[in-house]
Amino acid sequence: MQNPWLITLLPILTLSINVISQLFVVHLTRRIGLSITTGLITGFIVNVIVFFTVSTNFENTCIDLISYIGFSFSYWTFLNLNITALRIRVLRELLKENKTGLTTETILQRYSSKELINRRLDRLKQWGHIIKKDGQWILQSNKLLFLMFVMLLLRHIIFGKEKTRKLLA
Amino acid sequence: MLLFTTMSLLFVSFILHVLWWRINMPHRSTIALLICFFGVLILAILYLCLFPSTFDYSLIDISKMILLYTSCTFVYIIVYSAVEDQSPTLAIAYYLKKQSHAGGCDDNSLNNFLKADAAIRRRIFSMEKSGFIQKNHDHWFLTKKGKFFASIFDYSAKIFGLRGIGG
Chain A
1 MQNPWLITLL
11 PILTLSINVI
21 SQLFVVHLTR
31 RIGLSITTGL
41 ITGFIVNVIV
51 FFTVSTNFEN
61 TCIDLISYIG
71 FSFSYWTFLN
81 LNITALRIRV
91 LRELLKENKT
101 GLTTETILQR
111 YSSKELINRR
121 LDRLKQWGHI
131 IKKDGQWILQ
141 SNKLLFLMFV
151 MLLLRHIIFG
161 KEKTRKLLA
Chain X
1 MLLFTTMSLL
11 FVSFILHVLW
21 WRINMPHRST
31 IALLICFFGV
41 LILAILYLCL
51 FPSTFDYSLI
61 DISKMILLYT
71 SCTFVYIIVY
81 SAVEDQSPTL
91 AIAYYLKKQS
101 HAGGCDDNSL
111 NNFLKADAAI
121 RRRIFSMEKS
131 GFIQKNHDHW
141 FLTKKGKFFA
151 SIFDYSAKIF
161 GLRGIGG
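Those protein sequences? They're chains A and X, same order as listed. Residue 5 in this note's numbering is what sits at position 5 of the first sequence, and the numbering runs on without skipping anything. Residue 150 in this note's numbering is what sits at position 150 of the second sequence, and the numbering runs on without skipping anything.
Same shape as in the complex, but just chain X:
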């Protein structure tokens, strides 16, 4: 029953999120998703506290529900980031499938199809929109928020033994 309740709550959040996006797509999608999903969770917990006899869940049950719901919400937010913007890796796979009748494709053909510069420009624009970077005399600089996140990733790369700079 607890599993079913949690999955139902996630489904309700997903429906609300789709309705919100269809009516007016938010500029800061991650924050909007957090508000949408955790808003539903908070309302559900309030309901369970105000009307405990409806479901008869203990504090332990509610804690389990919060953990499961949070874990699934994180997964959805991660998946959503790939839904929102075309992943170059998936674009390559799609193009290779399309070219399979011609026996594949070479490097030049892939370069022409992918327009990787455009992908980088799109990400620069989206980071400006999200307040991570700002332009000053044609030069991009990290904002306070951007510096904070860049430092987290920089330190974590050292701590978790991730070599290279990514991309």
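Extracted from the complex, chain A is given alone in its bound form:
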């Protein structure tokens, strides 16, 4: 006997498995990237296994998998915000200096242009998107350019040509 609610709530259940696996791996190995990947794959595998042992409806599979991927992407972004987002960095700096506050200049000193660029270059290099050859940075992968193209397209659709030009200026 199939339980239709199990199939319906499968994306939430597998997201929970994803989060628990991520937490388990990160505290065991201290490797963030590995823990996120493990969580994502574990949730995905459980999703597929449960689905094929309970039902064979193709539309339900698609709905559950898309929902799971969407929720997992949101979770990954939440984790990533702590690692990469400028806004979160400023918020957490201000939380540390809650009583005295910070001037714009102090914020800029604490997080200099050089640091901002170096952190991003390091990450891009680690992920294999760029390499440094004879002191020159060279783009290695076109994935980022594809993303940039998608962003530009969306900007044109949402804001129109004029506003997009102002935003990029």
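If we take Cβ atoms under 10 Å as the criterion, some of the chain A residues that face chain X in the derived model are: (1) Asp-64; (2) Ile-69; (3) Asn-118; (4) Lys-163.
Heads up, simulated SDA-like pairs for lysine to any residue below, C-alpha to C-alpha not over 20 Å straight-line: (5) A:Lys-125 - X:Asn-111; (6) A:Lys-143 - X:Thr-89; (7) A:Lys-99 - X:His-137.
In short, the hints are calculated from the structure, not lab data. This one's a predicted model, so the numbers in the text were calculated from it and none came from an experiment. In this text, a Cβ means the ideal position worked out from N, Cα and C, and glycines have one as well.
Since chain A is already given, all that's left is putting chain X on it; use the hints.
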């Protein structure tokens, strides 16, 4: 059919969102996006409840639709944040592509192009606009809302084993 209905609803929400932004861009874009997307979802659910014979969806079908719709809406709101403000990482990639004919570029050239200070200033301004921070005698302080969000990220960094302070 359920998948098609949900995707159609998302498409309608997207069109409404584009029209809204083209007519009058809201100051608090995330809240406006939530209103736009979830407003359409609530109206659709009301319609399905008032005229159940139109689509013949069960409670389980509607629950599935809500989950799928919510998940896709979250993804869109995340993507939109990168659309709204230029990401420094993508800007670097774009600049390196432009410089590829010259055999790449060095650190100084990247620094001059990126104007990272301006990116930080823009984010400070946007956080003030969103009510996360406020200025008092030239010093920035967290508002109640800002403190709440900063604490969530601070605690989550500890719980989820994320080292460093971000950025």
